[in-house]
Structures are given as C-alpha cells and as structure tokens.
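S.K.: Each chain, letter by letter, is given below.
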Amino acid sequence: MSKARKLNRNVCIVGGGMSRFGMFRDKNSKDLFAEAFLEMLCSVDKGFDPAEIDALYVGNFSNDFFVHQAHWGPIVSDLIGHTPKPATRTEGACASSALAFREGVLAIASGMYDMVLVSGVEEMSKRTTEEVAEGLALATTPYEGKAGFTFPGVFGAVATAYFARYQSGREHLMNVTIKSHENAPHNPKAQFPMTIRDIMASKAKSAEKKGKPVPEWSDEKAFLKDPKANPSVAWPMHLYDCCPISDGASCLLLVGEELAGRFTDAPIRVAGIGQGSGRGLHASEDLTSFEATRYAAQEAYGMSGLQPKDIQLSEVHDCFSIAEILHIEDLGFFPPGDGVHAVAEGQTRLDGPMPINTSGGLKCKGHPVGATGVSQLYEVWKQLRGEAGPRQVPKKDLRIGAAHNLGGTGGTCTFTILERR
Amino acid sequence: MHNKPFSDIAFAEYLAQEKIMGSRCPQCGRVFVPPRPICLECGSSSLEWTEMPRKGTLAAFTCITVPPPSMAAKGFGRDNPYCTGVVELEGGGRLVARIEGVQADKPETIRIGQPMEAIFMDPEKEGEDTILAFRPS
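For the record, the sequence lines run as chains A and B. In this note's numbering, each residue carries its 1-based index in the first sequence increased by 5. At position 58 of the second sequence the residue is numbered 48 (this note's numbering), and the sequence of numbers has no breaks.
Here chain B stands alone, though its shape is the one from the complex:
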C-alpha cells in the first residue's frame, strides 16, 4: 500500500482517502508534509510514509472577498467571502488549507491559535482533487 512515490499526486490521492500523509526520514526522524522524496536534514532518499495527525492550531488566515476566477465560479465573492489559512499540525509540520466552520464575513471573530481538525471536501468537478480543509474543533 505504501509504495507510492513521495509526490504531490500521491499526497492528493491520500487526501481522497481522507488521510493526510507525510514522509518521514528513518535516519534522522524528520517529517515532511506535504511529502518530500529527499530529507532536507540529512539528505537520505529512503523515506517512509507516515500518517499525520488531523488536529492542529490555526497559525495564519485570510478571508478573501476578491477571489480568483476559479473560486468566483463557485459563488465566492464580496458578499460570500471564504477563509483559507495555515494550520500547524500537532507534533509539527504546517499545511495551507481552506478553513471552514468560521465566519468568513466576520474575520474579527477568528482567532490565531484556535484548535482545528481536518475535514476532506469532495471535489466539485470531475478531475479535481479532494479539498483539504480544517474547521474549529
């Protein structure tokens, strides 16, 4: 099962299975998410898959009122902003992800350091990847 290359494609395939997978270096113990094929610490290329915790805290966020065309096509805009951000996973490692379950139209209510848990949103169009998101836990 764990013979996929440590690639962005494999990371997306695991998200479709509702798993956040990173790569771990058995030599020095460093963990990378999204996965990397070569350890940044010791240069080893014999890494192994490791499942990441689905919990973390909100490290940074933004609520977007001027969306790119791809998000505007989904109905987001000035009257319907969306939140996206950076989540620090339990035990280390950061991911950029959509932030759900918050009031994107009231950004003052969203708090840095807030505990978050992962959710996996189905793609809206065929051929698109599962969208990784976090919501307050």
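One chain only, chain A, in its complex shape:
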C-alpha cells in the first residue's frame, strides 16, 4: 500500500447501546435492537433528537437463514421511527456490523450526512446447533465446504499448523479461555458472565444435587483437559475453545467531529479505519496468519499515524481461542509465535500491559455474528470514556483503543482505532 488513506472529515462516536447477549426464547431481533437503541438514546450526555439521524446502517449476516427473514434495513428503520430516511444492510459474515460502522464513517466523512446510526443484529438461537453450524458454514469458501470443513474445523486446522510451526499446544490455548472468562463476570451483558472456576463449582454442585459422583479438578486446566467437561468439537478445538451461539444487537451514534460538542464533552474519535479481504485456507500463503487482518491493520495504522505499541487495549475477534493468538500477532501487538507466550505470561489480562478482550470476548460475551463488530467498538468506546465499571482497564491516561473484526475464514477483516482527545 503506497499512500496513507485519510478521511475528509473526522468522525466521532457520541452514543452507544448494546442488548444483553445470550440465547433468548422470548426475544426476537426487533426486541434486541430496541434494547440496544434505547440504551443508546440515554447514553448521549447532552441528549439529542433521534429525528436528526440522517441514515442508518445495520450489519446482519444471515437472519435470512436463521429466522427466515431478510431485508433488515427497513425493518429496523421502521422500528426506531426512522422511515422514510435511508437504511442499508451490510453483510460481511461475522464482520457484518464492522462494515456498517465503516460505511457510516465514510458517509459522514464524505460530507453527505452529519449524523448516522450504525448497528448490527443477529438471532441465531432459534435453530439447532447443527443448523447454526450449517448456516455459519455458508461463509466458508466453496472449497472448504466441499471438504467437510465447519468453522471450528477451519480454526482447528489453523491451530494444528500453528502448533507445529511454533512448538505449542492445546494448553497454550487454554490460557486464552481462562483469561477471557476472568473478564466476563464484570460484563453484565455477557452471555457467560462467569470464570472457569465458577463453572467448575456449578458443575460439581449440580452433580451433587443429582446424586452423581462429584467431579474433582485440581485447577482450570485439569477441567479443560477433561473430555467429559470439555469435549472435542473439531480437533484441537474443544467446546471451551469456541464462542457460543447467540442472539443480540448493538448500535453506535456517529457525528461529524465539529458537531460532537453539541452532544458530549467526551466524544471518541475514529483515528484510523481499515478493511481487507482474503482468500480462504487453500490460498493462504501462511496458514498461521490472516492477510486481510494485516492489510486492514496497515490501513488503520497508516491513517492514524499510530503504531501497534500505541494501542492501549484491543478487542479482537476470538471466535476460537487460536484466533485470538493469530490476531494479536497479525495486528503487531506481539511478534509471530510470541502470542501464546504473551497470553501465558498474563500480558493480555485486564491488568496486563496489553489488555485483550476486556468484554470477555466473543467466547464469553457471546457472538451474535452481525452484532459483534459494533459491540466490540461499543466496548472500546466505554473503556475510553472510563465507563467500563469493574472491568475498566486500570491504566492512567487511557486514550487509544482498537477493535478487530473477522468474517468468514478471514475473507473480510476490519481494524478500527479509536481515540479520546
């Protein structure tokens, strides 16, 4: 890439909302969207009139498949009273709403709009696990699908390549899972707000209640190595390496930077934004890296003038434990092959030098695929405003955070850097 890209006009986040993530029998996509939207309305410090929203972008991967309903732009537009103004759906598999965010940023930067709502929604839990696996596999490449790959399978294969190249194994990945679960209890919106130790205790209690032999594990890793507690899904990916099936919605309110002061004294500016595309496993030059992530990162770093060492915290797309390792290396936070050691040393913990997935990540927060990208940016926005409560990163002068979203088998990747001025 030869020249650094620039926005013609800076863009700020001045509000945000996110539904609880989880599996909800009694809520549909509209209910979840309303939940996120209502929180966003109350989040704008100086208030605002929703009639000022010029346009709406909503990321959704595959509600067509999951709930047999497509065309989500006008549905959510109607829900929030935005019609007849424009509403556009974006699709980039699990990166669908990061694309909505990016389109919103570009629309404001172009001068076309002053205020845009960017959002995402997905409703997956009404289907069986096998059906969800089939639905998600629509986003693999045609070659991978024919060879019988599932999503856990693709990342399982990537993990075997990584293990062989960097002399590591399953135990290293368990550190990722344990770390994410340590952050999750502090996120009230997370699908699994509990540590691995909490889960071990609850399993033991439930066995005792049922009069079954009470399992005993010496520590978290003993639990994660127990095939009964943590069965294989797609070797070496086991249940606790995989994000869950989730429903949820998220949204952020964007305005031109020169208008931000009308809405808040603490706007969060989009410092850099990047997007890349990739070709899938068979064509990947390096099975332990995603080209689209590296490209997106290069774009975002170039635009912001920042470097990996300047990023103070990041959400990354940990759809599987191995994915988090690859991303923290591809984004330049750690050199290739060092990701597993950085996690083992606690460097990515909430109180470590480079906190990763303070929200609990996709693993614990949940992964309603179309809502994920914007929900990651929501977390960074909260952190940079100092509003993350008990999971607030304990750093002085926290100013710069980032979010990385990945769709498919690395087919669509985004990286966005946010800055508190």
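Read the hints as simulated data drawn from the structure, not as lab findings. Yeah, the Cβ is synthetic: ideal placement off N, Cα and C, and Gly gets one too. Check the hints yourself; a few may be wrong.
[Claimed, not checked] Using C-beta positions, here's what the derived DEER-type ranges look like: (1) Ser34(B) x Pro89(A): 48 to 54 Å; (2) Glu116(B) x Thr134(A): 28 to 34 Å; (3) Asn13(A) x Glu114(B): 54 to 60 Å.
[Said to hold, decoys possible] Incomplete in silico selection of chain B near chain A, CB under 10 Å: (4) Thr55; (5) Ile102; (6) Leu122.
[Claimed, not checked] In silico DMTMM-like cross-links for lysine to aspartate or glutamate, where the CA-CA straight-line distance does not exceed 20 Å: (7) Lys90(A) x Glu108(A); (8) Lys230(A) x Asp95(B); (9) Lys64(B) x Glu139(A); (10) Lys151(A) x Glu114(B); (11) Lys230(A) x Glu98(B); (12) Lys226(A) x Glu98(B); (13) Lys233(A) x Asp112(B); (14) Lys11(A) x Glu78(B); (15) Lys151(A) x Glu116(B); (16) Lys151(A) x Glu98(B); (17) Lys96(B) x Asp231(A); (18) Lys233(A) x Glu114(B); (19) Lys151(A) x Glu38(B); (20) Lys64(B) x Asp231(A); (21) Lys35(A) x Glu96(A); (22) Lys151(A) x Asp112(B); (23) Lys90(A) x Asp69(A); (24) Lys151(A) x Asp119(B); (25) Lys230(A) x Asp69(B); (26) Lys151(A) x Glu3(B).
Using the hints, position chain B against chain A.
M.R.: Here is chain B on its own, set in the frame of chain A:
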C-alpha cells in the same frame, strides 16, 4: 480435450476423471490450483491446463466430531469423527481435502508434514461431485 474454462465446475469434472488439474500461466510460470482464469502474478488471461502432482504433505488438519448436517447424514458424528485438512502439493500449491486412512478418533497420532497421496472418492449421491481426499503414502 483441454478447452474447458478454468472454473470450479471443470476442476470437479477432472476430479471425476481422477485428475487434479490446475491452471498455469505461460508468461510467468505461476500455477494455480484450483484453477483461476486470470493470473494473479502478471494479469495474463491466456492460461493453460496443467496436471498437478498427486503427492504432497499434510499442512494442517482437523478431526470433526460435531459435523454439519450433510456429513451427519453420512453417519459422521461424535462416535465417528472424520478428518479434513490442507495438503501442500509437491512443487507448490495447496488444496483443502478430506484426509482418509488416518485415525480421526486419535488425532494425536496424525502428524503435520506427513507425506500424502491423493485418492478420489466416488460421490454417494447422484449429482454430487467426486470427493478429493488424501491418505498417508
């Protein structure tokens, strides 16, 4: 014989003839498998068919215990996992393919870098393509 378009359909038709066919750029020599109609290196669109070696090494694999419905219908599942992976062909180029002749229920025994050879599995249903697989050689 070699006047097929450089398409996924043609690639599948060749698999039915037990051939792994790629496209080769005569200008710069790059080879693509599965075939591509336009060279990624130099942009040439006058590529030619080339038969790929049937041997390679295992670059990555997974053993799937939670299969998609299509594989579950064939009897695969927790008690009968299957292996699929990425094979690096001799002389370059990678393919995703089923991996046969390994113990999918004992993934610890499967080794990255293991030499592999191609086999062509008949489709189980009419209208489905020949399944490309590799097994240890």
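S.K.: Checking each numbered hint in turn, tell me which of them this model violates, lowest number first.
M.R.: As far as the earlier hints go, 13, 14, 16, 18, 19, 20 and 23 are violated by this structure, in ascending order.
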